[in-house]
Amino acid sequence: DAKTTQPNSMESNEEEPVHLPCNHSTISGTDYIHWYRQLPSQGPEYVIHGLTSNVNNRMASLAIAEDRKSSTLILHRATLRDAAVYYCIGVRGAQKLVFGQGTRLTINP
Amino acid sequence: DSGVTQTPKHLITATGQRVTLRCSPRSGDLSVYWYQQSLDQGLQFLIQYYNGEERAKGNILERFSAQQFPDLHSELNLSSLELGDSALYFCASSVAVHTDTQYFGPGTRLTVL
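Going line by line, the protein sequences match chains W and U.
The first sequence lines up with residues 33 to 141 when you count with our numbering.
The second sequence lines up with residues 1020 to 1132 when you count with our numbering.
Don't read these hints as lab results, they were simulated from the structure.
Treat the hints loosely; a few may be bogus.
As the list claims (entries may be wrong) - Which chain U residues face chain W? A few, computed with CB under 7 angstroms, are given here:
id	residue
1	F1064
2	G1124
3	G1126
For clarity, every value in this text was computed on a predicted model and none was experimentally measured.
We put the CB at the ideal spot given by N, CA and C, even for glycine.
Isolated chain U, as found in the complex (with noise of 0.2 angstroms):
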């Protein structure tokens, strides 16, 4: 158990809906990232916050967006969702923004249909 939690476990929505997926980091942990793993793209990073602010982005779409909140949880919202946004979405955690390990949650499995 890595520490990380998130919710839900699966999801199976319909093109066009939105959805929202959650990630609790680990005690202590301010950074929070989160990627996305799909058959055809495998793992790919899509945004990182550090205590509340955007650090990164990597190939996230307009269609999601991201926030961290006060108590450093995560969560990334999924609009407009397409067929090709099926995919695994992994969040994942570390004390800080320099150099060190992720400590990644086990998924939420996004299926639409």
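One chain only, chain W, in its complex shape (with noise of 0.2 angstroms):
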């Protein structure tokens, strides 16, 4: 599995974007870059998937650097429900998830 980097937390204010950076430099051509988020006292929930290129959900817009070394998650209009702790996860076949310590986001209203 792909090892990734995140800041330890980051912050912004609502109703503004958000980026969410990962690096991932030791990734292989066919790791998934994955993306949950966990809200408080829930279980982690799935954001956005991506391979190569840019994808969008209702969630969220993961756009993935060319040489695959990094990826951001952005958050197109942050609201107080986006606060949670977002994880990064490189996944290669066997499908199991091996999460870091991964980035505590803060709202301000």
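Fit chain to chain and form the complex, with the hints in mind.
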């Protein structure tokens, strides 16, 4: 599994975009980049995943660098409900998720 | 609501005891995973089952065991409990084995006194 590096914490304001970075320099060509988040007192929740090209869904966008050594999760308009720990995970085949420390995102009203 | 259910929500027990945590995956999901979340270790993968067969093992202690039944629900058995086993235990499910989204349940909070 690809090792990922994320900032410990980030802060943003409500209704502003948030860009959460992740470095995964050891990623292999077959590793998918998954993002999960964990809201307080809840189980992790899938956000988005991608392999090479940028991806969009109703929750967020994922921008993957051309060399695939980094990616950025984009929340287009943060709400208070988006305050959570965000995990960037490299997933290869066997599918177990190896969670790091993640980024604790604080949203200010 | 992820569609994954876990029971019980909370469990308080004493050292040396044995407990069973139960997980029902989303309808149609064949894979079940167990994770442990403690304050000092973070979220750690324990074990995975696919359609009744063990598929992958993580840092699961020998005192812990799991199984997946024909109806695809899964149980995690924890025995000879120690104070350090106090944690949140999450179950997740996915459709298949290869790269796919995992859906997590709400967790069972285990407190060992």
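Hint check:
1. For the restraint placing U:F1064 at the interface with chain W, the shortest Cβ-Cβ distance is roughly 4 angstroms, inside the 7 angstroms limit, so the hint holds.
2. Given hint, U:G1124 at the interface with chain W, holds; its Cβ is 6 angstroms from that chain's nearest Cβ, closer than 7 angstroms.
3. Because the smallest distance between the Cβ of U:G1126 and any Cβ of chain W comes to about 5 angstroms, under 7 angstroms, the interface hint for this residue holds.
Every hint from the earlier list agrees with this structure, and none is contradicted.
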